[in-house]
Amino acid sequence: MPTHWYNIQADLPEPLPPPKDPPTGPSRLKALPEMLVAECLRQETSTERWIPIPEEILDLYAQAGRPRPLIRARRLEKALKTPAKMYYKAEFYSPTGSHKVNTALAQAWYAKREGYERLATETGAGQWGTALAYAASLVGLKTTVYWVRAVHDWKAERRQFMRLYGAEVHASPSKETKVGRELLKKDPKHPGSLGIAVSEGLEDARGDETAIYCLGSVLSHVLLHQTVIGLETKRQFELLGEYPDVLVSSLGGGSNFGGFTLPFLGDAIHGKELRFVAAQSEAAPNLQGEYRYDFADHAELTPMLKMYTLGHTKEMRPIKGDGLRYHGCAPVLSLLRHLGYIDTVAYPADEKHVFSRARQFIQTEGFLPAPESAYSVACAIDEAEKCKETGEKRTIAFNISGHGFMDMPGYAEVLGL
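Start counting at 1 in the sequence shown, then tack on 45, and there's your number in our numbering.
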């Protein structure tokens, strides 16, 4: 298991554009210490290549099942009749079922050390909210989760899961915040979005000095904590005497994709020939948006970040893989996309193709990926099909960020089960 997180800011071809204040209104930059855990804020701007993981967090990682296996998908390869080798990182082997615990444990531990009593956050698919509730329970903190209504209303089991950890869970937009009440006044059945849920979490935390906000994606410190995924994967390939040609993962805000690929993107920056593909939904193809400064939340409470964005107030069609329905991509990944290191593919929002690929995966490899991870599976299979057409013997690595055990209604609806 890695003992340090990898910070790609030390290796970027050019400096990461800093966050900035909007032309009008109060300073969001000055308010950052009220928004984020102090140690996370320090890590956000650090240019140290390697940041030590505290022993206490390493112990929590071990308890959560790290390191996690890298598995050769031999049965899938055989079914596809592809010359490609396919390996998947099994991030679904975690107490809450996803990669989100990697940063949840770090943020919760730092928050506890800094004297906070409660964490406030957003969640889209529900994986992040569950992970933070889990982490908070281990270190003795309370959690309040604002969950995108379009998902909250059909994932009853995951709601119950969060509450078992002691979390308070609200459908977003909610009546708990000014942001939520204003949106509900306009539309009582507003489906919500990650940007709105972020605004609610921020408003909540800033109104309580015993609370602090924790973000599940987008920011550099979140991706930093997630690099344990890619670092483990690199070491596992070294032990196999192999190295991937293509790395694939789904991308919403970027924590999953970044955690898996950043250690390899560091190699690419230094000349290694690699291909990186971000699998997205046509409902929110943020990497095909504009590369410009935009807010990270709906209510414009955050500083403006230089990123690929669809616009922070854009209304996006709800999908079952709702963790991918976010308007912007992490600034560090956006820069690397802008510089030509990252390719992207956006799949139809009806999700029939990606869920059909997930069915191929479960019928060959025996495991059900989360709806968001189905995009990763679909993209990896599509890449393997290309190898079948060309005869190329490429090694494809993909990350399965979570399991789909609590997502069966979504699969049933899309696939007609």
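Don't read these hints as lab results, they were simulated from the structure. Warning: the hint list may mix true and false statements.
[Claimed, not checked] Lysine-lysine pairs mimicking DSS-like chemistry, simulated, CA-CA at most 25 Å apart: (1) 126 to 317; (2) 433 to 126; (3) 220 to 359; (4) 397 to 359; (5) 75 to 351; (6) 65 to 431; (7) 187 to 234; (8) 397 to 123; (9) 130 to 317; (10) 231 to 359; (11) 157 to 187; (12) 220 to 234; (13) 359 to 223; (14) 438 to 317; (15) 126 to 359; (16) 433 to 123; (17) 130 to 359; (18) 397 to 433; (19) 234 to 223; (20) 234 to 359; (21) 123 to 359; (22) 230 to 130; (23) 351 to 123; (24) 220 to 231; (25) 220 to 230; (26) 351 to 126; (27) 317 to 231; (28) 431 to 397; (29) 75 to 65; (30) 65 to 317.
The structure presented is a predicted model; accordingly, all values stated were derived computationally and were not measured.
Are the Cα positions of residue 234 and residue 359 separated by 25 Å at most?
holds, 17 Å
Is the hinted pair residue 75 and residue 351 satisfied, with a Cα-Cα distance of at most 25 Å?
holds, 18 Å
Within 25 Å, alpha carbon to alpha carbon, are residue 220 and residue 231?
holds, 13 Å
Residue 317 paired with residue 231 [C-alpha distance capped at 25 Å]:
Outside the cut-off at roughly 52 Å; violated.
Does the alpha-carbon distance linking residue 65 and residue 431 stay inside the 25 Å limit?
violated, 42 Å
Taken at face value, is the distance from the CA of residue 123 to the CA of residue 351 at most 25 Å?
violated, 43 Å
Residue 397 paired with residue 123 [C-alpha distance capped at 25 Å]
Judged against 25 Å, a Cα distance of about 23 Å means the pair holds.
Given the hinted pair residue 433 and residue 126, is their Cα-Cα distance within 25 Å?
Roughly 7 Å separates the two Cα atoms, so the pair holds.
Residue 230 and residue 130 were given as a pair; does the straight-line alpha-carbon distance stay at or below 25 Å?
violated, 53 Å
Straight-line alpha-carbon gap residue 433 to residue 123, limit 25 Å:
Given that 25 Å is the threshold and the Cα spacing comes to 11 Å, the pair holds.
Hint check: residue 126 vs residue 317, CA-CA at most 25 Å. Holds or violated?
violated, 28 Å
Does residue 359 sit within 25 Å of residue 126, going by the straight-line distance between their CA atoms?
violated, 42 Å
Comparing the model with each numbered hint stated earlier shows that hints 1, 6, 7, 15, 17, 21, 22, 23, 26, 27, 30 do not hold.
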